[in-house]
Amino acid sequence: MAVSSQAGMDETILVAQSRQGDTRAFGELVKRYEGKIFRLAQHVTQNREDAEDVLQETFMKAYEHLDQFKGDSKFYTWIVRIAVNQALMKLRRRKTDKSVSLDETIDTGEDTVVREIAAWDEDPEKQFSREELGGILDTAIQSLEPPYRSVFVLRDIEELSTEETADALGLSVPAVKSRLLRARLQLREKLTRFFKRKGDDAFAYM
Amino acid sequence: MLTCKAFLNELSDYLDESADAEVRAKLEQHITECPNCWVIADTTKKTIRIYKGMEPHPIPADVESRLMTALEKKIASRRR
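Protein chains in written order, with the numbering used here: chain A, 3 to 208; chain B, 2 to 81.
Keep in mind that the hints are not guaranteed to be accurate.
[Claimed, not checked] Under the rule of at most 30 Å between Cα atoms (straight-line distance), these lysine-lysine pairs were calculated in the BS3-like manner: (1) B:Lys74 <-> A:Lys128; (2) A:Lys192 <-> B:Lys6; (3) A:Lys63 <-> A:Lys76; (4) A:Lys76 <-> B:Lys47; (5) A:Lys192 <-> B:Lys46; (6) B:Lys46 <-> A:Lys72; (7) A:Lys33 <-> B:Lys53; (8) A:Lys76 <-> B:Lys6; (9) B:Lys46 <-> A:Lys38.
[Unchecked claim] Estimated spans, in silico, between C-beta atoms of each pair: (10) B:Lys27 <-> A:Arg195: 20 to 26 Å; (11) A:Asp69 <-> B:Ala7: 31 to 37 Å; (12) A:Arg117 <-> B:Pro57: 26 to 32 Å; (13) B:Lys27 <-> A:Thr79: 30 to 36 Å; (14) B:Asn37 <-> A:Glu13: 40 to 46 Å; (15) B:Ala7 <-> A:Arg50: 41 to 47 Å; (16) B:Glu18 <-> A:Gly23: 39 to 45 Å; (17) A:Gln22 <-> B:Lys27: 39 to 45 Å; (18) B:Cys5 <-> A:Gly136: 41 to 47 Å; (19) B:Pro57 <-> A:Ile15: 22 to 28 Å; (20) B:Asn37 <-> A:Asp69: 50 to 56 Å; (21) B:Cys5 <-> A:Ser145: 22 to 28 Å; (22) B:Glu18 <-> A:Glu51: 26 to 32 Å; (23) B:His58 <-> A:Arg195: 20 to 26 Å.
Hint data in this document are derived by calculation from the structure and do not stem from the laboratory.
Quick caveat, the model's predicted, so the values are computed rather than measured.
Beta carbons are placed, not taken as given, at the ideal position from N, Cα and C, and that holds for glycine.
Kindly generate the complete structure, drawing on both the sequences and the hints.
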C-alpha cells in the first residue's frame, strides 16, 4: 500500500478519505498506529505470533467496518477497542493455560502490595540505555497477572480514559480503578529493585 | 487523620488528579506527615511517567510487509 503526502494530515480527513475508498489515506492511518497496536497486542497476548495476527485482524476489521466508525471517539480509541477484543479472544482460546483467564474473580481491595519502600532518583530511568530500560519495563509488565496487565496497558501505556478502558475490557469503572491501582503498585515494587537510589536503604532519608 | 491504607486506596485518583478537592487536601496533608506514603506516591508517579514515555518500537519489517500484503488482499477482495 502506498503512503505519500498524507503524513501529518488531520486524522478526521484521513478517515473521511478512507471511507470514500482512498487506500492511501487508510495506509497512512495504519502507519500511524501499527506500532502502538502491535505493542498493545504483544502486551496482552504475550505471544508474538498471536500479536501479529491481532495486528492484521485489527486493521482488516477496521477497514471493513469503517462505515460504522461514527467519529464520536478518536479513531485510535476505536481501533484499540477492536485490537483488545481480538487479543482477548486469542487469550481465551489458549484454554490450556490456566493463568490467562480474564474472568477470574480477583481480590482487589484489602492487601494492596507494598513491601519495599525506598526512594528513587529524580530520573532513575536515565541510568539505563534504551534497550536495557525497555527490557526492564517489559519484564515487569509480563510478570503481572493478565487482568491487571490489560488494565495497566490500556490506561497507562495507551493512555485511554478509565471509561474507555472499562468499555474496551467489559469491566465496571470501579473494577478498572482497583485493578489499575494494584497493577501500578506491583510495578512500582518490581521497578524499585532497579531504580532505588544507590546506597539508600529504606528510611535512610528520614 | 487519614490512615496509610486509606491513602493507598485513593492513590490512583490522587495521581490521576481525579480526586475531589476535599479528598485531595487530606491526601496532601497525609504525605507531608508520612514519609513512607510520600515515597510510595513519588515512586508510583515515576513508574507511570516512565511507562508513558516509552515510544513503541517500529514494527519489524517482516511483520509490516505481511500486514501490508494482508490489507492489500482485503482491499482487492472488497473491490471485486
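The hints, checked one at a time:
As the CA atoms of Lys74 of chain B and Lys128 of chain A are separated by approximately 44 Å, the hinted pair breaks the 30 Å bound. Proximity of Lys192 of chain A to Lys6 of chain B is assessed by CA-CA distance (about 20 Å); at most 30 Å being required, the pair is judged to hold. At most 30 Å may separate the alpha-carbon atoms for a hinted pair to count; Lys63 of chain A and Lys76 of chain A meet this at roughly 16 Å. A distance of roughly 27 Å separates the Cα atoms of Lys76 of chain A and Lys47 of chain B; the hinted pair therefore holds under the 30 Å criterion.
At most 30 Å may separate the alpha-carbon atoms for a hinted pair to count; Lys192 of chain A and Lys46 of chain B meet this at roughly 14 Å. At roughly 35 Å between alpha-carbon atoms, Lys46 of chain B and Lys72 of chain A are farther apart than 30 Å, so this suggested pair is violated. Taking the CA atoms of Lys33 of chain A and Lys53 of chain B, the gap is about 20 Å. The hint holds against a cut of 30 Å. Taking the CA atoms of Lys76 of chain A and Lys6 of chain B, the gap is near 37 Å; set against the 30 Å cutoff, the hint is violated.
Between the alpha carbons of Lys46 of chain B and Lys38 of chain A the distance comes to roughly 22 Å, so the proposed pair stays at or under 30 Å and holds. Between Lys27 of chain B and Arg195 of chain A the CB atoms are about 31 Å apart, so this pair departs from the stated range of 20 to 26 Å. The hinted window of 31 to 37 Å between Asp69 of chain A and Ala7 of chain B is violated, with their beta carbons roughly 49 Å apart. Checking the proposed 26 to 32 Å range against Arg117 of chain A and Pro57 of chain B shows it holds: the Cβ atoms sit about 31 Å from each other.
Distance hint check: the CB atoms of Lys27 of chain B and Thr79 of chain A are about 33 Å apart, consistent with the given range 30 to 36 Å. Look at Asn37 of chain B against Glu13 of chain A: about 44 Å separates their beta carbons, and that is inside 40 to 46 Å. Distance hint for Ala7 of chain B and Arg50 of chain A: a CB-CB separation of about 42 Å, consistent with the stated range 41 to 47 Å. The hint said 39 to 45 Å for the Cβ distance between Glu18 of chain B and Gly23 of chain A, and at roughly 43 Å that hint holds.
Separated by about 54 Å at the C-beta atoms, Gln22 of chain A and Lys27 of chain B break the suggested range of 39 to 45 Å. The given range of 41 to 47 Å is broken by Cys5 of chain B and Gly136 of chain A, whose C-beta atoms sit roughly 33 Å from each other. For the pair Pro57 of chain B and Ile15 of chain A, the beta carbons lie near 24 Å from each other, so the given range of 22 to 28 Å is met. The hinted window of 50 to 56 Å between Asn37 of chain B and Asp69 of chain A holds, with their beta carbons roughly 54 Å apart.
In this structure the supplied range 22 to 28 Å holds for Cys5 of chain B paired with Ser145 of chain A, their Cβ-Cβ distance being about 25 Å. Checked against the hint of 26 to 32 Å, the C-beta distance between Glu18 of chain B and Glu51 of chain A comes to roughly 39 Å, which is inconsistent with it. Between His58 of chain B and Arg195 of chain A, the C-beta spacing of about 24 Å keeps the proposed range 20 to 26 Å intact.
Hint violations for this structure: numbers 1, 6, 8, 10, 11, 17, 18 and 22, all remaining hints satisfied.
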